[in-house]
Structure formats: structure tokens, C-alpha cells
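J.: Below, each chain spelled out in residue letters.
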Amino acid sequence: MPVTPRGERIVLGALLLLFVSRAVIAERVVPPWQGPDEPTHFVLSYVLTQPPEVHRRTIETQVLEAMDRHRWWELYGREKKYPVPWFDGVEGLGSGTLEHPLYYGIAAATLTVTRPATLDSAYRHLRGLGIVLSALTLLLGWAGARHLLGAEAALAATALAALNPQFALAAITVNADALLNVLGALLWWQTARILSADRRAFPLILLLLTGIAAALTKRLGAVLLIVAAVVVVQSFFTTQRWRLSRRSVLLTLSAAALAVVTLLAAWILFESQFEQFIITWRDAVTVRRPLQETTAADAFATAGWMIDYWWLVAGWLRFPAPEAWMWIARAITVVGVAGAAAALLDTSGRAQRLWVPWLFLLSHVAAVLAVTLWTVQSAPQGRYLFPVIVPTCVLIYAGTARLVPAKVQQYWPVCLIALVAAMDVSGLALVLVPVYAP
Amino acid sequence: MRHRLAAAIAPARVAWVAWAIVGVVMAWSLTLPAAGQPGNAWPLRRLRTPEVTHERTIGQEFVMTRNGLNAIDFYPVTTGTPSGEIVVSLVDITEGSRRGVVRHGSMRAADLAVESWSRFDFTPIDDSRNRRYRFDVTANGYSGLALIATKGDHYSAGPLTFNGTSRWADLAFRTSVPTMPIWEALWTGRTSAGAGGRFIIVLITLHWILTGVLLRGLVPRLATQGWSAPPERQSAST
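Which chain is which? The protein sequence lines are H and A, in order. Residues 1495 to 1932, numbered by my numbering, are exactly what the first sequence covers, in order. Residues 661 to 898, numbered by my numbering, are exactly what the second sequence covers, in order.
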């Protein structure tokens, strides 16, 4: 049946409304501070809205009091240490800095506009910002998939993303993830435009700017910068119109010179922050565990955890979905990814373009595995893959659709989406409500 | 064959059925206990522990999710003629504030239901929520009983322990608290985030309606043409 753009837009609108409604459900059920690392990120945003004489530690104390009011220690399974001294570790607020300033700047600007009366209100406003950014992520993700693979894959993949329970939790988490997710989706969209449309110059510039913005949002954002570079280089090779002229050489050299001057200026004007930035990045790439100590079993186990965390593990990684639920989620993921890998062998039609979502997904999986196994050794949280959530859902959808027998293929999209919708609802009842309400 | 199937079951009808199934799952979800309790009733990869004796203590660590813990079920099976007493205890091992043994009891091995769930009842613990416990089972001699466990990590918040050492397994166990169905809890209370439970029920219903709109609206656009079909021409809207 031919696509009718108006009808498609209506369905897309319903899909976004569906996502917002479930994000609001999560927001109304999950008490504050239940997202990983929220206190640190909130303080860094909130402090920018305060007069200079308000010390950061004052705000941290207020945040600790708010965490106490919302039973954080009880839900974390620790005895409360209150009145709270200054302490480090998991119970502290960490040592966040502003060397990746983009999210904090946007969050502070939002609070300046919304003018919250209390710290609790400010927290809720930033949750609202997260929901808006996440809905935008879905919209941009849909646009990219639409350009690259057509209406069917775009709507199906966006529906799968919108019904992912962990993505709804990420949407109400006050941290830089929501902004990085939007930038990932924007990059995906611009990549699709470059690869499938005639206009290239503006998307290429936007692509690089998005990559730079991602790197200024979070360390993981550097992966998007690398993806942007790969797409730019690939586009040079696949078009006949890019020729090395004197003008383009001059423009390139000018841009490079401007970048060097900007870096030098940043170094001179913000010396301490710049040095902290360098230290952060040096730490991020310092291998702390010998490579030969990592076994294939480690890598498989880590990948397995990543799948679980991608679907549903709530509250600082403490409340996973029941095992039977998780096995369904694992099966969908593994079958989808296997089918999408097999689809790479197809030489015609839309399958040819699946290398693009694969590039987005594999770059992020590689980064998460590298960080988890060799550098920071943190948990392989599925939220780290949310900057590429729609490309990932494209692969899951395409992979499962490819493996379904042809005679029932027309029913498969609705069945898959209904299955994930049922998992979403049951996840709410099996995990969030029992843990948090009432 | 494909045409016969398509004629017999229109995709739109499948969408309605799928929507109804989502509704059934939603309704079933709302009848679940509002207090999700830790436990492991996984039916696959079962194993028998060694016989419970005075030299062997078999335990299971778990994190309690609700207040009012008042019983623990376990699953004994015979290894011989049941004799002597089974000694059970609940130890609070919450990091940073261990309270030691908080409940203790014994029962005649011959009186225990075997090949089915047996229950250790005790005075409710008012502040059991989010505390880590270990449920220990031992005996005052040779009991003639073993316990059912499952291989692997089906209950992820704590392992089976054998004489205090963690094993890659979980005891078959269930915990009990006074509880009510989710819908009733929402209808009569508020969430931890401060929202009215009835508002949540309204949102969940809205969620279901929108799911129906989505599924039904997707049907004409999801008649997949297979992955060898070329991508459609782009619309100007994107």
C-alpha cells in the first residue's frame, strides 16, 4: 500500500504522544534521584543558576537532604548516614566537573527560563527537559530511518524505541544522556540525508558540528565524532562532485587554523578547566587492566549484561526485570541482531543500507566494551547505547523481519510491536510499581 | 497459500487482536501483588542440594523489597527417611548495619511437606524493606532432606550459600508480606513520587488506548515488502 504522508504523520504523532504518556507515568511513579549519577549532574546544572556567593557545597547539602526525603538510602539498600558529612564514593555526589559543559549550560538555561521555586521543582523541570529531549530523539531517529530505509522500517523502529522501558527511565533521568541521545539522533538523521539525498554541504557541516557538540556533552560523545568523521570520508569517496579545488583547500586550511587558534585561546583563558579536560580524557583511554586478562567469556558476559541493561534494570542498576521477562527481551535482541547481520549479505534493496545502523551500533558497543573491560571498568549500561537507539531498533526490526517466514511477514511488524508494548506494560507492573509505589 | 492466509486473516484484524492481547496483559499486570517480593520459583535447571545436616548450612541471600516480611517458603525433597529437626534462621546482613539473626525456628523434618513448598512463618519484620538477608537452613543431625535449587543466577540479587560460601546457584524460595493487587494499591494510595494512584491508572489506560491507535494506524504502513525491495522515494516532510 502506498504511503500517505499525512496518515504517516498522524501515526508518528500518536507514537510520540504514547512515548510522552509513558514517560509521564514513569515520572509519576519513580521518586527523584533514582537515575544513575543524577545528584552530580543536577548540582552541576543547578549551581550555574545560583549567585556566585552560593557555594557548590551548599547545594550539595540540599541535594543530600532531598535524597533523604525521597528515601534514596533505603532504596539503594544502605543505612542512611545523616546528618550527612562530606563523603566520597557511591553515597557521595562524586567529583563532577564542567569540562563537558554543554548539557549543564542547556539545563541551566532551562532553569533560568522556568524559574523553579525550590530545588525539588528544579529537579522536576530538568526531568521535563529530559522528556522533551527524548521525544526529540525519537523524532530525529524516525527522520533518519525514513530517509534511509523508508516509512515501514522508520515507524516500526521508532515504535520499538518508544516502547523500550529503559529509554523511558533514561528520559526522566537528570543527566547528560538525554542531550547526547538527541545529538546521536541528529547525527543519524544527517548521515541519512547525506547518503540518500542530493544536498550534502549543509548536512556535512551539521554532522561535524553535531559530533563536536557530542564530544562536549560527554566522553562517550567522542564516538559520535568518530562516526561523523567516517561518514564524511565515506561521502567523499562515493560522490563525483567533491573535487580538490584551490578554494576548498583554502577553506579546509582556514578551518584547521581556526580550530587550532580556538584551542590555544581555550587553553590560555581556561587553563585549569582545560587541564582537567586533558586529564579526564587521558584517564578515559588509560588501560587499567592488561588486555590479555580479558577472556571471550568476559566479553560475552559483558555483552549479555548490556542487553539486560538496555531493556530494563531500574534504580541505579538495582531492580532488574524478572528473569522470564528478560529472556524474551534477550531473544528479541539476539534474533534481531543475528538477522540483521545475515541481511548484510543481501546485495539488493534496503538491506544494502543496513551498514549505516551497523556502523552506529558497533562503534558504540566497541566503546562500551573497551571502557568496561579495560579502562573505567564500570557496568556496561544499556543507556550508553541510547544515542543510537533508533539505529539499534532498525537492526532489531530488520533482523527479525528477515527471519520470519514470508507467508506471515505482513503480520510480523504489528506482532513485534504488540509484544514489546506488552513487555513495556508488564515491566511497569513487575518492576517499577512493586519497587516504588505506593 | 500466502493469499489464502492474507484473505483469511486481514492485517487489520491482527492489529485488533494484538491490541486486545496488550489489554489483557495490562489487566493481568494490574492484578499482580503491589509488593513485588524476592524469590526464585524458576522451573528449569533444577538441582538438589546435598542433604541438610548439622555440618551443612544451606542458605540464600536476598534483598527484601517490602516491609512486613512474615514468611519464607522453601522446597524440601527427601534423600532418605526424614528424621530430627530442621533449623531455619533469617540473618540480617545489610552492609554497614548487620543485625545478625533476626528470626529463628525449628521444625520436625518428618512434619515438613516434601516435594512441595514448606513455609517458615515468623513475626513480621516491620522495616524489612531494602534490607539484605540470608535465609539459612541446617539440621541438628542427619535430616534425610535436601533442598531444591536452580543452577545459575536466576535470582540476581543474591546467591545460594553453602556453609557461608557463595555458589553459582539459587535456592528455590519465596518470600511473603501482606499485600494487595496493584490496581487496589493505586486506587487507594499515592506513589513514592507523590502522584495520586488513580492518576496513574488513568495514564495507564491512556497508554493502552494510544497503543491501539498506534497498532491500528501502523497496519497500512507496515505491509512489509521484504528487505530486497528498494527504499521508497522520500517525502518532502522529512
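No wet-lab data here; the hints were simulated from the structure. Virtual Cβ for every residue (Gly too), placed ideally from N, Cα, C. Heads up, some of the hints might be wrong.
[Stated by the list, open to error] Here chain A is said to cover these stretches of chain H; the calculated rule only asks that three of the stretch's residues, wherever they fall, bring their Cβ under 8 Å from a Cβ of chain A: (1) 1665-1671; (2) 1703-1716; (3) 1769-1781.
[Unchecked claim] Distance ranges between label pairs, derived from CB positions: (4) A:Val-761 / H:Val-1902: 37 to 45 Å; (5) H:Asp-1792 / A:Pro-838: 51 to 59 Å; (6) A:Leu-707 / H:Val-1724: 30 to 38 Å; (7) A:Pro-838 / H:Thr-1789: 40 to 48 Å; (8) H:Ala-1818 / A:Asn-800: 46 to 54 Å; (9) H:Leu-1811 / A:Trp-777: 37 to 45 Å; (10) H:Lys-1901 / A:Ile-681: 54 to 62 Å; (11) H:Arg-1824 / A:Glu-775: 26 to 34 Å; (12) H:Gln-1544 / A:Val-761: 47 to 55 Å; (13) H:Asp-1792 / A:Pro-841: 37 to 45 Å; (14) H:Thr-1869 / A:Asn-823: 36 to 44 Å; (15) A:Gly-756 / H:Val-1902: 31 to 39 Å; (16) H:Leu-1811 / A:Ala-773: 32 to 40 Å; (17) A:Val-761 / H:Ala-1836: 54 to 62 Å.
J.: Which numbered conditions among the earlier hints are violated in the structure presented, ordered from lowest to highest?
T.: 1, 2, 3, 4, 5, 6, 8, 9, 10, 15
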